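S.K.: If you're matching them up, the sequences are chains A and B in order.
Going by numbering that gives the first Met the number 0, the final residue of the first sequence carries number 567, and the count climbs one at a time with no gaps.
Going by numbering that gives the first Met the number 0, the final residue of the second sequence carries number 528, and the count climbs one at a time with no gaps.
For the record, the hints were derived by calculation from the structure and aren't laboratory data.
Treat the numbers as computed from the prediction; the structure is a model and nothing was measured.
Take these hints with a grain of salt, some might be off.
Residues of chain B placed beyond 10 Å of chain A at every Cβ, according to the derived structure [claimed, not checked]: (1) 109; (2) 110; (3) 118; (4) 120; (5) 124; (6) 158; (7) 171; (8) 213; (9) 277; (10) 302; (11) 356.
Simulated pairs of lysine-lysine, DSSO-like, Cα-Cα distance not exceeding 30 Å [to be verified]: (12) B:253 <-> B:265; (13) A:465 <-> B:27; (14) B:121 <-> B:253; (15) B:27 <-> B:8; (16) B:344 <-> A:521; (17) A:465 <-> B:253; (18) B:8 <-> A:521; (19) B:209 <-> B:265; (20) A:157 <-> A:226; (21) B:79 <-> A:472; (22) A:100 <-> A:15; (23) B:27 <-> B:77; (24) A:408 <-> A:472; (25) B:27 <-> A:157; (26) B:121 <-> A:472; (27) B:127 <-> A:465; (28) A:157 <-> A:168; (29) B:121 <-> B:132; (30) A:472 <-> B:127; (31) A:100 <-> A:226; (32) B:79 <-> A:521; (33) B:129 <-> A:472; (34) A:465 <-> B:121; (35) B:77 <-> B:132; (36) B:77 <-> A:465; (37) B:8 <-> B:77; (38) A:465 <-> A:454; (39) B:209 <-> A:472; (40) B:129 <-> A:465.
By construction, the Cβ of each residue, glycine as well, lies at the ideal position given by its N, Cα and C atoms.
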Amino acid sequence: MASPAAAAVPPALLDKPTVRALQEALGDRLLAADEFRGDLALTVAPAAWVQAATLLRDHPQLDYKLFLDLCAVDWLDARDERYEVVLHVYSVGGKHHVRLKTALPESGAKLPTLVHVYRGANWFEREAWDLYGIVFDGHPNLRRLLTHEDFVGHPMRKDYPTAQRHVLKAPTPWLLDVPAGSENVVVNIGPSHPAMHGTFRVQALMDGETITRAEAEIGYMHRNFEKMAEERTYWQIIPYTDRLNYCSSFMNGHGWALAVEKLLGIQAPPRAEAIRVILSEFSRLMDHIVCITTNVVDLGAITPFFVMFRGRELIYELLESCCGARLTVSYVRIGGLANDVPEDFVPRCRALVKTLRAMIEQGHGLITRNPIFIRRFKDVGVMPKDEALSWGWVGPCLRGSGVAYDIRKDHPYSGYEQYDFDVPVGSVGDCYDRYLVRLEEMRQCLRIVEQALDKLPAGPVIVSDKRVALPPKTEVYSTIEALMNHFKLIYEGILAPPGEVYGYTEGANGELGYYIVSNGAKYPWRVKVRPPCYNVYQAYPSMIEGGLLADAVAIIGGLNVIAGELDR
Amino acid sequence: MPKCTIDGKEIEVAPGTTVIQAALQMGKEVPHFCWHPDLPVDGNCRMCLVEVEKAPKLQIACNTVITDGMVVHTESEKAKQAHRTTLEFLLVNHPIDCPVCDQAGECYLQDQYMEHGLHDGKTVPEQKVKKRKVVDLGPIMLDAERCVLCSRCLRFEANVTGTNSFEFVNRGDHTQISTYEGRPIAHNYAGNLADVCPVGALLSHDFRFKMRVWFLEATESVCSGCSTGCNIFIDHRDGEVQRLRPRRNVEVNKSWMCDIGRLEYKEIALESRLDAARGRAGGDWQPLALDAALDLLAERLREAGAASAFLATPQATNEDLFAFRALAAQLGGKLDFRVGNPQDKVQVRVDDVLLRADRNPNTQGCIDLGLGQAGVDRILADCASGAVKALLLQGPELLLEPGAAEALARVPFVAVMATHERPELALAHLVLPATVWAEGDGTFTNYQRRVQRIRRAVPAPGAAAPRWEMAARVLRRLGGSFEATSTREAFALLTRAVADYAGLDYRVLAAGGRVLAPGQAGATQEARA
Chain A
0 MASPAAAAVP PALLDKPTVR ALQEALGDRL LAADEFRGDL ALTVAPAAWV QAATLLRDHP
60 QLDYKLFLDL CAVDWLDARD ERYEVVLHVY SVGGKHHVRL KTALPESGAK LPTLVHVYRG
120 ANWFEREAWD LYGIVFDGHP NLRRLLTHED FVGHPMRKDY PTAQRHVLKA PTPWLLDVPA
180 GSENVVVNIG PSHPAMHGTF RVQALMDGET ITRAEAEIGY MHRNFEKMAE ERTYWQIIPY
240 TDRLNYCSSF MNGHGWALAV EKLLGIQAPP RAEAIRVILS EFSRLMDHIV CITTNVVDLG
300 AITPFFVMFR GRELIYELLE SCCGARLTVS YVRIGGLAND VPEDFVPRCR ALVKTLRAMI
360 EQGHGLITRN PIFIRRFKDV GVMPKDEALS WGWVGPCLRG SGVAYDIRKD HPYSGYEQYD
420 FDVPVGSVGD CYDRYLVRLE EMRQCLRIVE QALDKLPAGP VIVSDKRVAL PPKTEVYSTI
480 EALMNHFKLI YEGILAPPGE VYGYTEGANG ELGYYIVSNG AKYPWRVKVR PPCYNVYQAY
540 PSMIEGGLLA DAVAIIGGLN VIAGELDR
Chain B
0 MPKCTIDGKE IEVAPGTTVI QAALQMGKEV PHFCWHPDLP VDGNCRMCLV EVEKAPKLQI
60 ACNTVITDGM VVHTESEKAK QAHRTTLEFL LVNHPIDCPV CDQAGECYLQ DQYMEHGLHD
120 GKTVPEQKVK KRKVVDLGPI MLDAERCVLC SRCLRFEANV TGTNSFEFVN RGDHTQISTY
180 EGRPIAHNYA GNLADVCPVG ALLSHDFRFK MRVWFLEATE SVCSGCSTGC NIFIDHRDGE
240 VQRLRPRRNV EVNKSWMCDI GRLEYKEIAL ESRLDAARGR AGGDWQPLAL DAALDLLAER
300 LREAGAASAF LATPQATNED LFAFRALAAQ LGGKLDFRVG NPQDKVQVRV DDVLLRADRN
360 PNTQGCIDLG LGQAGVDRIL ADCASGAVKA LLLQGPELLL EPGAAEALAR VPFVAVMATH
420 ERPELALAHL VLPATVWAEG DGTFTNYQRR VQRIRRAVPA PGAAAPRWEM AARVLRRLGG
480 SFEATSTREA FALLTRAVAD YAGLDYRVLA AGGRVLAPGQ AGATQEARA
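With these hints in hand, go ahead and build the complete structure from the sequences.
M.R.: Structure follows, in structure tokens:
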């Protein structure tokens with residue numbers, strides 16, 4: 000094709016089926032295509048937005064059925080068109096991520112909604128409206144999501160002052176439209192309800208014990224991590240990542256470091272990667288402990304909690320011996336780890352594996368064949384496979400619904416390809432399946448840890464690149480070169496090249512993604528966290544409609560929604 | 000015009016352009032220490048060595064003139080190694096001072112180490128040559144150990160101020176920079192020595208240990224100290240200005256500014272800043288909300304009608320002056336600005352460098368807007384005879400004039416816009432708090448008739464408001480119109496009303512300002528009065 004846009008699509012990329020299919024369908028409305036650090040990104044005209052997304056989803060060769068993320072970027076004066084809307088989707092069959100983008104002018108930042116293409120787009124578009132002011136035509140409920148209704152302005156815009164405050168005078172009493180004279184009772188579940196593991200709120204319209212309608216309200220723990228990230232160096236962001244999914248904080252840092260390393264085009268040394276895997280797997284295990292034991296506490300069983308939380312305590316102590324902190328560890332660094340593990344790390348881990356193995360079997364003995372739990376979990380909260388993909392479910396929840404997608408297997412990182420382990424997959428997609436998947440994953444975590452301990456290489460734990468890693472303190476105090484190096488890295492930080500990447504790891508809840516946009520400055524221009532439990536929780540109100548209130552409690556516990564990750 | 004290729008890109012340059020200048024035109028910075036765009040070339044640091052095809056050895060980019068067809072590689076392996084080696088030599092005796100050195104954050108050694116060095120140091124601290132540290136040179140401080148002997152300070156003293164304060168003393172490894180007998184710098188341009196020094200050898204005493212520069216935000220503005228209008232950066236953090244430094248404008252101030260201008264920032268946050276309006280009806284002062292104060296002013300002006308008088312201040316921006324003029328015109332009162340005859344000093348130099356005798360930033364703006372109408376003597380005479388019923392001063396200058404007190408005593412209502420508390424304000428009946436130059440956007444017109452933008456850096460204290468805004472609000476209360484809600488819009492109104500300023504807008508003025516055509520309406524206005 001001799002259209003002008005063809006020049007913006009490098010001929011080499013036309014080999015890719017995704018690019019070819021969009022080129023054929025959209026013609027010159029496919030404005031650009033590029034590949035950076037292995038990420039394929041396509042830019043289309045706003046008028047072709049829905050068509051492009053639908054094509055990505057439905058084209059048999061493409062099959063991007065898993066909805067991941069939709070966000071906005073504010074370019075302010077740097078580009079002719081101020082805003083960009085970015086969609087990330089995944090093809091499970093094709094094992095391929097793709098990024099679809101479109102540019103919107105400042106006056107006229109409107110785009111048709113994608114809720115009819117991907118169910119999960121609902122909350123993401125609300126968030127883009129809330130934080131950027133982008134209007135999505137046809138959205139069924141375009142209201143604020145993370146900020147409260149007395150909030151004025153769109154806080155992620157670059158010209159919104161970070162320190163501005165808006166006080167909420169009173170909470171919203173009604174989330175649902177209740178018809179006048181209705182005999183139905185409205186129940187508020189949360190945000191301070193112990194069964195809502197975290198601060199989220201659901202309002203349910205009850206017909207007896209059955210929930211006829213439900214509506215969710217989130218944002219109670221929204222701290223706008225993403226705006227803070229725009230005013231911090233890549234290093235300074237690490238402690239903030241701990242506070243996303245705080246039940247397995249090391250994994251958030253691991254994912255962040257990998258995403259920045261992808262942007263920089265560097266790799267942490269093998270020893271650092273192995274230690275990251277070990278600590279990530281322990282963190283995954285401890286996150287699953289929280290999920291399972293608190294889920295069953297809600298249903299009346301306290302014993303598993305006491306039995307298994309001992310395991311969490313031991314893992315905390317291990318982390319403390321490595322980096323000094325138990326919960327929010329800040330142990331990763333870009334390019335590796337802050338420091339090496341203590342000398343007794345390997346024997347300590349081996350002892351821990353034994354203890355945890357016994358603990359898992361104890362928990363299994365208490366729960367898995369318990370008739371009460373089977374009655375409460377089996378066939379409750381069924382999420383069919385196709386719906387799960389459309390919502391953007393990932394991790395144990397998605398695998399419970401029968402989709403065998405695990406990033407550690409499909410896109411191995413940090414050396415996961417070296418280790419033998421199984422990925423449990425459910426068949427029904429009910430609460431029971433989700434429980435079984437998590438339980439089995441805990442066993443597999445220990446398999447991975449043992450192999451990683453066996454293979455643990457010697458060597459440095461941080462890349463030896465002076466633009467990324469701090470020099471040793473002895474040199475800092477005795478040579479001017481190392482002192483200057485240290486100074487520049489602290490006050491300026493790592494300077495990433497201009498470009499954008501989507502870095503993704505298998506967090507305890509599934510695909511934890513970081514979409515980082517860099518313009519070469521010391522702070523990232525944009526960071527979007529792809530929070531796995533956000534998509535999961537989005538489906539919750541519709542999952543509980545038509546079911547019993549008691550089932551709603553059983554379901555929420557098994558979804559493992561962590562407010563720090565949900566609201567950011 | 001010779002064409003050359005630098006790092007694969009072709010560029011055409013004016014004859015006489017050196018490699019380092021040509022690279023800059025392409026947006027590429029060749030590493031250097033001793034070269035400075037506004038100082039003569041010395042070529043002593045050897046940092047800007049580049050590979051020039053057909054030349055047997057590396058050439059210094061600062062002193063190699065581009066010839067047609069020259070091909071230059073600034074980042075070839077040989078060039079990179081030369082950069083690294085030069086840095087290594089410069090760092091051999093460099094003290095391990097970063098934690099106590101103000102230059103961190105704007106230090107050539109730090110920046111160039113990360114980009115061109117990244118080598119391991121080999122000198123043991125005990126081996127480093129010791130030199131004088133913390134030498135008090137008046138406005139600046141010398142630390143001889145940090146000096147890289149680039150001679151920029153020497154060349155500044157020789158070529159810009161002509162004072163030749165610095166010399167190299169001793170030899171070899173022990174070479175140091177020094178003034179004669181260690182005497183302090185005694186001229187008005189010492190601050191530039193700290194700017195020009197690429198490392199922390201010469202540092203400003205005023206700024207010493209005050210603030211790490213990476214916390215500072217730099218806002219582009221223009222100095223308000225005299226009619227030269229040096230371009231500056233206002234460096235501030237969290238609403239407080241920490242220092243001013245020059246912003247390069249080849250047509251106005253090159254890379255320099257004077258010390259008097261440099262210290263102007265201290266007036267912004269003085270305790271004596273006015274942050275509220277006040278009025279007195281005969282007796283004691285009463286605080287007033289700004290709205291109430293403007294109501295009162297409007298009422299008294301309306302009563303006075305054409306028996307009112309208006310004195311503008313050349314401290315105000317063009318937008319301030321334009322709104323003030325509109326207000327005067329609405330009432331038909333007498334208007335002028337020439338307290339102390341600043342218009343006679345706009346061009347008059349005080350030295351051969353930058354400073355001018357007119358210590359106002361916008362006398363030319365007053366001239367251009369035709370504010371020299373009634374004559375200050377005439378207005379004072381009218382005041383003394385009781386013919387002026389209301390007098391609005393845009394600044395407190397008249398209150399300081401000898402003999403003014405007597406004349407003003409016969410004026411029933413005197414209102415003054417002021418920025419700082421002073422005893423002379425007691426002569427007024429209404430005081431309005433005004434913002435200073437760092438607290439609002441606007442434009443000044445300098446001695447060259449160059450219109451330059453100033454930008455808001457910090458918020459104003461309390462109820463202090465821009466002068467143009469206060470005038471506009473009074474004007475509207477009097478039934479007049481001033482259709483502007485921002486200085487940008489006010490300037491747009493100005494450009495439509497003042498012929499010489501036609502076609503200008505903030506975007507056009509953004510880069511270096513714009514000089515108005517010479518010999519226009521402004522000159523004839525002045526003659527008229």
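S.K.: Work down the list of hints and note, for each, if the structure agrees.
M.R.: Hint check:
no.	hint	verdict
1	109	violated (5 Å)
2	110	violated (8 Å)
3	118	violated (6 Å)
4	120	violated (3 Å)
5	124	violated (6 Å)
6	158	holds (31 Å)
7	171	holds (20 Å)
8	213	violated (5 Å)
9	277	holds (31 Å)
10	302	holds (42 Å)
11	356	holds (40 Å)
12	B:253 <-> B:265	holds (24 Å)
13	A:465 <-> B:27	holds (23 Å)
14	B:121 <-> B:253	violated (40 Å)
15	B:27 <-> B:8	holds (11 Å)
16	B:344 <-> A:521	violated (47 Å)
17	A:465 <-> B:253	violated (36 Å)
18	B:8 <-> A:521	holds (27 Å)
19	B:209 <-> B:265	holds (14 Å)
20	A:157 <-> A:226	holds (9 Å)
21	B:79 <-> A:472	holds (27 Å)
22	A:100 <-> A:15	holds (17 Å)
23	B:27 <-> B:77	holds (18 Å)
24	A:408 <-> A:472	violated (39 Å)
25	B:27 <-> A:157	holds (28 Å)
26	B:121 <-> A:472	holds (15 Å)
27	B:127 <-> A:465	holds (24 Å)
28	A:157 <-> A:168	holds (26 Å)
29	B:121 <-> B:132	holds (23 Å)
30	A:472 <-> B:127	holds (20 Å)
31	A:100 <-> A:226	holds (21 Å)
32	B:79 <-> A:521	holds (24 Å)
33	B:129 <-> A:472	holds (24 Å)
34	A:465 <-> B:121	holds (16 Å)
35	B:77 <-> B:132	violated (36 Å)
36	B:77 <-> A:465	holds (21 Å)
37	B:8 <-> B:77	holds (19 Å)
38	A:465 <-> A:454	holds (28 Å)
39	B:209 <-> A:472	holds (26 Å)
40	B:129 <-> A:465	holds (28 Å)
Of the hints listed earlier, those the structure fails to meet are numbers 1, 2, 3, 4, 5, 8, 14, 16, 17, 24, 35, in rising order.
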